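Number of protein chains: 2
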Amino acid sequence: MALRHVVNLSLFGVAFAQSVRGHATMASNFVFRQLFDTKSSTYTYLLGDAESKDAVLIDPVIEHAKRDAQLVKDLNLNLKFAINTHMHADHITGTGELKKLTNCKSVISKASGAKADIHIDESDVIEFGTHKLRVFSTPGHTNGCVTYYIPEQGMAFTGDALLIRGCGRTDFQEGNSTNLYENVHGKIFSLPDETILYPAHDYKGMMSTTVDEEKRLNPRLTKSLSEFVEIMENLNLAYPKMIDKALPANKACGLYDLPEEYQT
Amino acid sequence: MALRHVVNLSLFGVAFAQSVRGHATMASNFVFRQLFDTKSSTYTYLLGDAESKDAVLIDPVIEHAKRDAQLVKDLNLNLKFAINTHMHADHITGTGELKKLTNCKSVISKASGAKADIHIDESDVIEFGTHKLRVFSTPGHTNGCVTYYIPEQGMAFTGDALLIRGCGRTDFQEGNSTNLYENVHGKIFSLPDETILYPAHDYKGMMSTTVDEEKRLNPRLTKSLSEFVEIMENLNLAYPKMIDKALPANKACGLYDLPEEYQT
Chain A
1 MALRHVVNLS LFGVAFAQSV RGHATMASNF VFRQLFDTKS STYTYLLGDA
51 ESKDAVLIDP VIEHAKRDAQ LVKDLNLNLK FAINTHMHAD HITGTGELKK
101 LTNCKSVISK ASGAKADIHI DESDVIEFGT HKLRVFSTPG HTNGCVTYYI
151 PEQGMAFTGD ALLIRGCGRT DFQEGNSTNL YENVHGKIFS LPDETILYPA
201 HDYKGMMSTT VDEEKRLNPR LTKSLSEFVE IMENLNLAYP KMIDKALPAN
251 KACGLYDLPE EYQT
Chain B
1 MALRHVVNLS LFGVAFAQSV RGHATMASNF VFRQLFDTKS STYTYLLGDA
51 ESKDAVLIDP VIEHAKRDAQ LVKDLNLNLK FAINTHMHAD HITGTGELKK
101 LTNCKSVISK ASGAKADIHI DESDVIEFGT HKLRVFSTPG HTNGCVTYYI
151 PEQGMAFTGD ALLIRGCGRT DFQEGNSTNL YENVHGKIFS LPDETILYPA
201 HDYKGMMSTT VDEEKRLNPR LTKSLSEFVE IMENLNLAYP KMIDKALPAN
251 KACGLYDLPE EYQT
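Chains A and B are the protein sequences, given in the same order. For what it's worth, UniProt numbering labels the leading residue of the first sequence as 1, then goes sequentially. For what it's worth, UniProt numbering labels the leading residue of the second sequence as 1, then goes sequentially.
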């Protein structure tokens, strides 16, 4: 009751029309969707250019390749690249299935050691329409981890290098705590404070963070390097349950050596 | 390899600084976070004003009240209102717990029949800082369902009235298929096509949609009224497993009559 008619609604209607136009201008031709896989708690990201229709998917999951291809179609986009931030150990990448369902090319870092149509490396730029994803090499969780940064939108996709109030484990797959710490501090934390960070996973229902928040609040990465290394050495995590299926499949871009249940 | 150095990186650095500044201006003082509860597949939304620090939470879930209050604190916000889109049947609202953890007031529609500090109705406006949420009454899933619309951002929070490629069930809690159809068409679909719609739930890992997409692609609501009513009458859904715990608790804003496991 107390809130009723705080604003004159006829005036509100006018402001509304103006601000929606303003918003449409601000949003320009950038299309963005975050998607989720509940089984592995993986986030997939669709980024597109509404004019050229070119789109990219970051970290697709095999079980959702059809969902993702359908969304690309629903939004009248053409999938140009299906990209991974690294060779995942907890799920099978959707890039192989997406190559069957669309005309996309698969992309992963050269340092990952995985097959793909295109291998990227530090300072490369992936273009879709007028938009540009800049590649930062951020190894530590694995040797091939990269962060994709889209400066115009103030967004970065950090894979498992930096998670929300956490980071990827460093106890398998060439994990190296010192490298992870130095790359997060040297590269991700050097982005503008307001940069929105989108990780490959979250396990608590959080979906994004910012450079500012993680610099202030990350319980591991706000520590000194030596304290960080000690924390990472004492996590005592279980053996990753999907790793023996995921790595052989992901080495081949999710296309070959698929476990029986994924073969189509 | 093919992508390497498509853009001259020294020039890119300059463009980057400019566009990040541009983005900071565009984003203005609006803070936004989507949050998820995996158990009930419920989305919670935090909206804030970075200058006045006033914030609102839409559809908080009791199990995540501490997470949500911590995020409010991490972002240096003050929670003014904890709001529900309707009296939920699948989870217990977090509004009661949030009233204990913060100084917020609880808000729900008058038509819901639930207790709250503030009852809202059609055309009310909820203010936080310079931002305004406009209330649309959109009954059909329940009598008290509302949609919260923030015109300046081109966003609407549709609760269970409209889901992504779906809608809330209409077979319990005063459900009425004709009302739901007419309110979605008359109110939500009358918003600008580019309006981003954030539902109370999704079960397939999708997080948002737009008016345009649902007008084109919603498998139920693109049908005629009579076809829609027939579809809704033949869903044969299971009895909601949480309803007998959730409704009594939610009638009291999640504060009283809590099942034993939630009592603090």
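Derived by calculation from the structure, the hints in this document are not laboratory data. Treat the hints with care, as some may be off.
Each pair may be met inside one copy or between any two copies, as identical chains are not told apart.
BS3-like, lysine-lysine: derived pairs with alpha carbons at most 25 Å apart [stated by the list, open to error]:
(1) Lys110 / Lys73
(2) Lys251 / Lys53
(3) Lys39 / Lys204
(4) Lys187 / Lys39
(5) Lys241 / Lys187
(6) Lys187 / Lys53
(7) Lys241 / Lys204
(8) Lys39 / Lys53
(9) Lys73 / Lys251
(10) Lys110 / Lys251
(11) Lys223 / Lys100
(12) Lys223 / Lys39
(13) Lys241 / Lys39
(14) Lys204 / Lys215
(15) Lys204 / Lys115
(16) Lys99 / Lys223
(17) Lys73 / Lys245
(18) Lys187 / Lys245
(19) Lys241 / Lys132
(20) Lys251 / Lys215
(21) Lys241 / Lys105
(22) Lys105 / Lys223
(23) Lys110 / Lys215
(24) Lys223 / Lys73
(25) Lys204 / Lys99
(26) Lys223 / Lys251
(27) Lys66 / Lys245
(28) Lys187 / Lys99
(29) Lys73 / Lys204
Every value quoted in this text rests on a predicted model; they were computed, and no experiment measured them.
How do Lys39 and Lys53 come out at 25 Å by Cα distance, when the copy is not named: within, between, both, or neither? neither (30 Å within a copy, 36 Å between copies)
At most 25 Å between C-alpha atoms: does Lys187 with Lys245 qualify within a copy, between copies, both, or neither? Neither: 31 Å inside a copy, 48 Å across copies.
Is it within a copy, between copies, both, or neither that the alpha carbon of Lys105 lies no farther than 25 Å from that of Lys223? Neither: 40 Å inside a chain and 37 Å across chains, both beyond 25 Å.
Status of Lys251 relative to Lys73 across identical chains (alpha carbons, at most 25 Å): neither (28 Å within a copy, 42 Å between copies)
Within a copy, between copies, both or neither: where do Lys241 and Lys204 come within 25 Å Cα-Cα? both (19 Å within a copy, 23 Å between copies)
Within a copy, between copies, both or neither: where do Lys187 and Lys99 come within 25 Å Cα-Cα? neither (31 Å within a copy, 40 Å between copies)
Alpha-carbon proximity context of Lys251 and Lys53, limit 25 Å: Cα proximity of Lys251 and Lys53: none, with 29 Å in one copy and 47 Å across.
Alpha-carbon proximity between Lys110 and Lys215, which holds within one copy, between copies, both or neither at 25 Å: neither (29 Å within a copy, 43 Å between copies)
If the cut is 25 Å between Cα atoms, do Lys73 and Lys245 qualify within a copy, between copies, both or neither? neither (30 Å within a copy, 41 Å between copies)
If the cut is 25 Å between Cα atoms, do Lys204 and Lys215 qualify within a copy, between copies, both or neither? Result: close within a single copy only, 19 Å intra versus 32 Å inter.
At 25 Å max between alpha carbons, let me know whether Lys223 reaches Lys100 within a copy, between copies, both or neither. Answer is neither: 45 Å inside a copy and 32 Å across each miss the 25 Å cutoff.
Check Lys223 against Lys251 for me: Cα-Cα at most 25 Å, and say if that holds within a copy, between copies, both or neither. neither (34 Å within a copy, 45 Å between copies)
Violated hints, in rising order: 1, 2, 4, 5, 6, 8, 9, 11, 12, 15, 16, 17, 18, 19, 20, 21, 22, 23, 26, 28; the structure is consistent with all others.
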